[in-house]
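Asker: Below are the chains, spelled out letter by letter.
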Amino acid sequence: MDDLLALSIAELGRAYRDGALSPVTVTEAALARIAETNPSLRAFNTVTAEKALQQAEAAETNFKAKVDLGPLQGVPYGIKDIYDTAGVLTSCQSRLRPDVVPDANATAVQALEDGGAVMLGKCATIEFATGGPSEDTLFPPARNPWNLDHVPGGSSSGSGAAVAAGLTRMALGSDTGGSIRGPAALCGTVGLKPTYGRVSRRGVFPLSYSMDHCGPLTWTVEDAALTLGVLAGHDPADPGSADVPAGDYMAGLDTGAAGLRLAYPVNWIEEQGDADPAVIAAFETALEVFRDLGATVEPVALQSFDRYHACGRLIVLAECYSIHERDLQTRPELYGRPTRERLMAGAFVRGSDYVTAQRLRRELAHEVESSVLGTYDALLAPTFVRTAQRFDEMPSNPMKLGGMMTQPFNVTGSPALALCSGFHENGLPISIQIAGRMFDEAMVLRLGAAYEAATAWRDVRPTLSQDMAAE
Amino acid sequence: MSEESERVLFEALVARAGLNFEPGREEMMFTVARQIFAWSDAVRPAPSAEVEPATAYAPATVAPEVGG
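Chain order of the listed sequences is R and U.
Note that the first sequence covers residues 3 to 473 in this note's numbering.
Note that the second sequence covers residues 56 to 123 in this note's numbering.
Chain U extracted, bound-state conformation:
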């Protein structure tokens, strides 16, 4: 994603969330948003479809084999 596209996405997410930043901190928060967008890329490609989200770690949710 280009920086320009990232800024459009950032501004849309801020508006959607109804957030107000401290004066002079908007560029810092844009930097933060870009870090998060990079993390979004880092967790992709997504795992295979049989890997359902795990939100708890009882043994039964950890034990199943993943990816054969």
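The following block holds chain R by itself, in its conformation from the complex:
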């Protein structure tokens, strides 16, 4: 991969401000990389090359005039294709929306534009951020850059694939049951699900009103921190937005893990009957890394993983069904089959199930926030207990989620960071997630940065060109 595309957001920012690099040069390199790889990788649905070059030129003009709009000025990025983008198709990957071009940007997109960032285009998603990878949607599914025969995870699939393959340093995703952390895990990137309410969801097509979170996928933890600094803030136009001041996510980033108390939910891990032993072994090795960094790491027991998972799935299914009910009845054939069947399953959730799940949610949020994180600084868990599946091994049952351990932190609303914690002997990435107290993204980022600095996983990139040549 071009060395230019391997530079982090932080490194790019320094080079721009020193005059050593131009945003136009970097954007041209990114567009060339997309043109080269996207026919195989399918990470982008829509590439906005003309707009990107205009924004890059504007950033270059700003740098020359000593106008600085922030850490993302001149930085190319991608956007999951469920975020509204003014004048640019926002398809949700669906044949129900082949020509939906919004008039206005989602709040998060506008924050990036106001910060001088450079939009490369719209990244592939799983249709309506649910279902499974499917060829019967408006655009073909993104593929995993570590092995094109494997899925990149979902639903922010193109975002994960694009960041891992070096097409972009950052891409926006959304996370309702793990849709930022899942692709981050399977593609070996960083994925940050901020606290519920931390980043505005206005203008982002909903999957589940009370579970949706917006956040970034990046290659490094520092880049996630820089991006969150731009995205975070109260938005009165989002009913779920929290009126809580944004933090300084860079200030404590290099302060390490010494003296911190960390927990891991031992019973959740024991409950994962389909776990790959190599992934669990990698998680245990990651715990040792934190111990070596001077943290205390102890097991804790929580209510069962199944209870957290069931609570989350019932709420998501009921809420997404309410959004899609009319279309499922009147034009179901326009949905891809996995999406259609996943959404229809919401009809099997009864009203009392939904209310009971929402009440349980309070209890579970309390368990994590007060009972565990009242004592510990963060909670560690594998992100996935398996590596990415092959496309041709995806289950026919649309409810089989393939070893994700992410849903509990959507239930609790806690901030959670996924980052690469090694590679399986099959060559695919493995991931750990770090969950923290509500609105304490600074702690999960600090721990992520400490782990990242202590390991060498950021030095390894997928050799995408070899896979493409074999096709």
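Bear in mind the hints are in silico, worked out from the structure with no lab data behind them.
Hints are not guaranteed to be accurate.
Below, a list of computed lysine to any residue pairs in the SDA-like style, where the Cα atoms sit at most 25 Å apart [said to hold, decoys possible]: (1) R:Lys402 to U:Arg62; (2) R:Lys402 to U:Glu82; (3) R:Lys402 to U:Leu68; (4) R:Lys402 to U:Gln90; (5) R:Lys402 to U:Thr86; (6) R:Lys402 to R:Phe307.
Model, not experiment: these values are computed from the prediction.
Got chain R sorted already, so can you dock chain U onto it with the hints?
Answerer: Showing chain U alone in chain R's frame:
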């Protein structure tokens, strides 16, 4: 709930929702429904009555103590 009862419930919910499945997929959707019925059991027993539904996570909705 017996499998027979689950099937009656499944058929009633499908009819109530006005859904049409792709040919050959009805049994798969019954399997999906049974998974959801199992999740319905997994979230019970219901929490104590003072735990109202939480549909938003502003700090004030998370902070209150639950169950004393």
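Asker: Against each hint, give a clear statement of whether it holds in the structure.
Answerer: Going through the hints against the structure:
For the proposed pair R:Lys402 and U:Arg62, the alpha carbon gap of about 20 Å is at most 25 Å, so the pair holds. Between R:Lys402 and U:Glu82 the CA atoms are separated by roughly 15 Å; this keeps the pair inside 25 Å, and the hint holds. At roughly 21 Å between alpha-carbon atoms, R:Lys402 and U:Leu68 fall within 25 Å of each other, so this suggested pair holds. Of the pairs offered as hints, the one joining R:Lys402 and U:Gln90 holds, with about 10 Å between alpha carbons and a cut-off of 25 Å not exceeded.
Distance check on the hinted pair: R:Lys402 and U:Thr86 sit about 11 Å apart at the alpha-carbon level, within 25 Å; holds. The straight-line distance between the Cα atoms of R:Lys402 and R:Phe307 is roughly 15 Å, inside the 25 Å bound, and the hint therefore holds.
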